[in-house]
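S.K.: Residue-level listing of the chains:
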Amino acid sequence: MDEREEQGDQPMLRKQYLDNLLADFTDKLLGDKGGVGLGNLETGLIVGTRERLLEEMVVALKKALVEDSPRAEVSAHIRERLAAEWKAEMEKARAESPPDFRKASIMTWLERLERRFNLRSLTAPRSFALSFAVVVIVVLVAVVLINPQIGSGLPGAVFGPGGWLPLTIVLLVLGGIAVFLFLRSRR
Amino acid sequence: MVNRTTNDDDLIRSAQQGSVDAFNTLYEGYFPVVYRRVRCVAPEADVEDITQDVFIAVVRSLKNFRFEAQFSTWLRTLVNRQVADYYRSRKSRCETYPLDGYMDDSDGEGEDRRIDLSVEDRTSSSDEFIVLYQALRNLPDNYREIIMLRFVDGLRFDEIAQVQGQSLEATKSLFRRAITTLQKRMTSE
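Protein chains in written order, with our numbering: chain H, 1 to 187; chain R, 1 to 189.
Since the hints were made in silico from the structure, they are not lab data. Where hints are given, some of them may not hold.
[What the hints assert, rightly or not] Quick look at which bits of chain R chain H covers, simulated, 3 or more residues with Cβ under 8 angstroms:
| no. | stretch |
| --- | --- |
| 1 | 11 to 21 |
| 2 | 43 to 56 |
| 3 | 64 to 71 |
| 4 | 154 to 166 |
| 5 | 173 to 185 |
Note that CB positions come from ideal geometry on N, CA and C, so glycine has one too.
Build out the structure end to end from the sequences listed, making use of the hints.
M.R.: Pasting the structure below:
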């Protein structure tokens, strides 16, 4: 029974062996495993006639599908035609939805900030709304403090005459830092 | 389509903002891949037109690309769609049989459907490549696809296994069967 099982397993094992061998050969030929060239592979990795034909098939595929580049004039020809299509598409987009262009530009700017400072998503609606709310509150507090009609002249008492300007700056900077730290901590 | 993801994302964002230079860089990077893919599935005479249609579709759809998949995967889908459209339009004109999978529901395993190659098809490449591409076009879908994923797209076997939703062993086995079938057809033609 064991002997029969062994005999039955042999073709399967040989197939798996060939699968791995051919895959390995292809990887090496395409440079995915240390860039070993065909020369190093001709030392007996695959020795049978049938396997040699498979090797040759892989080599032929590499020549046709990897090394044979499309003609430059074909690429240039298509690019010329694409240029007109691109222009038409841009004009159509501008004509249809100018606000979308502005919105997309703001979103890109925010995404750049995210990547630069490793922030959590500024473009996510909740964090954007929260950041906006913090800035609004800070500005309102600043306005209340600096307005002699509403506040009680606190900036003047603390910073002297004209003290509203440094206080506003300090509040805005603190608010900005708070937003920044919040976004960064939540990433 | 190897390890371009980060760079691609920046280029796509710029192109979405209207930068033609960014789009041209994307085009230069992906033109050979798209061209070779189309050449594996369509008659030589129509490869340029279909490749152009693919990139026109890219121009029109790029604004809708949301970075949920890799650009190369998205592009592969566009290529398949354009090739399917091509064969649909050919079928409506009753010209030839389409390739397996681009028009009907059959899996095509083991079937041998021939594409008509006109005289013009045979003018632009060496005989060796023409015979090879013809044999590729006549392969069953799954065989042709794994060859394209490995050679044209440059995916490793583990990446192909992931894309195809198969085990690594099954992927390598499929690859060997594809190469064996192609080799047999090359020698019989």
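S.K.: Quick check: which numbered hints come out false for this structure?
M.R.: 3
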